[in-house]
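Residue numbers (the numbering used here), protein chains in the order written: chain W, 7 to 122; chain Z, -10 to 104.
Watch out, some of these pointers could steer you wrong.
[Said to hold, decoys possible] Some chain W residues judged to face chain Z by a derived CB distance under 8 Å, without partners named: (1) Thr34; (2) Leu52; (3) Asp61; (4) Ser91; (5) Phe95.
Quick caveat, the hints were computed from the structure, so don't treat them as lab data. All residues carry an ideal CB built from backbone N, CA and C; glycine is no exception.
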Amino acid sequence: GDSVTQMEGPVTLSEEAFLTINCTYTATGYPSLFWYVQYPGEGLQLLLKATKADDKGSNKGFEATYRKETTSFHLEKGSVQVSDSAVYFCALSAKAGGTSYGKLTFGQGTILTVHP
Amino acid sequence: DAGITQSPRHKVTETGTPVTLRCHQTENHRYMYWYRQDPGHGLRLIHYSYGVKDTDKGEVSDGYSVSRSKTEDFLLTLESATSSQTSVYFCAISENPAGGLNEQFFGPGTRLTVL
Chain W
7 GDSVTQMEGP VTLSEEAFLT INCTYTATGY PSLFWYVQYP GEGLQLLLKA
57 TKADDKGSNK GFEATYRKET TSFHLEKGSV QVSDSAVYFC ALSAKAGGTS
107 YGKLTFGQGT ILTVHP
Chain Z
-10 DAGITQSPRH KVTETGTPVT LRCHQTENHR YMYWYRQDPG HGLRLIHYSY
40 GVKDTDKGEV SDGYSVSRSK TEDFLLTLES ATSSQTSVYF CAISENPAGG
90 LNEQFFGPGT RLTVL
């Protein structure tokens, strides 16, 4: 079945440091890929998305590129801020059809803490 | 922000009691989902609905049932709560996952503790 693997956390950085959170996936066909962010005490918010190979999703300074050859969707940000402290989830959605219709498969989440 | 509310936001209950969680949306989205979030597991799908009175099981559906009598409301019921169902429960909605984009919008969550 489909699966998503994220790098082990937690990740602790100083403000203005470079961030990479690795995400690899296993899926049949050509899934859509997502990064969601969860701030303390809140629900998940969509951060960025990509629907096909070589697509780059970007939002709020974060970027991720859909790499089909390496089945990866790594999240990057050039200069993190204290306000970026949150839990980040990588997820995939298989194309409609069969029993996976509408289902998101999530990674286990990576806790990011940014210090001033 | 998508108009999704969950109630209650926090609940403590005892083992063996029935519990119902409510998800309400004002977006008129067809698809609704219930997930549970546990440390080390990310989010896992419990049940989902693809229309009024149309529901199906997710990967962790044992011990849970759902109902959807109106587009805007999706209820999750724990028939006889157990300590293993202590978790944070999230509702999500999606307008139309056809084509695989399936962007989902999440509610604020319900923290359930079963003693």
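The hints, checked one at a time:
With a least beta-carbon distance of about 12 Å to chain Z, the hint placing threonine 34/W at the interface is violated under the 8 Å criterion. Taking 8 Å as the C-beta contact cut-off toward chain Z, the hint placing leucine 52/W at the interface holds, the least distance being around 6 Å. Here the hint on aspartate 61/W is broken, as its CB sits about 11 Å from the closest CB of chain Z, past 8 Å. Interface hint status for serine 91/W: violated, as the beta-carbon distance to the closest one in chain Z is roughly 17 Å, over 8 Å.
The beta carbon of phenylalanine 95/W is positioned within 8 Å of a beta carbon in chain Z (closest approach about 6 Å), and the interface hint is therefore held.
Violated hints, in rising order: 1, 3, 4; the structure is consistent with all others.
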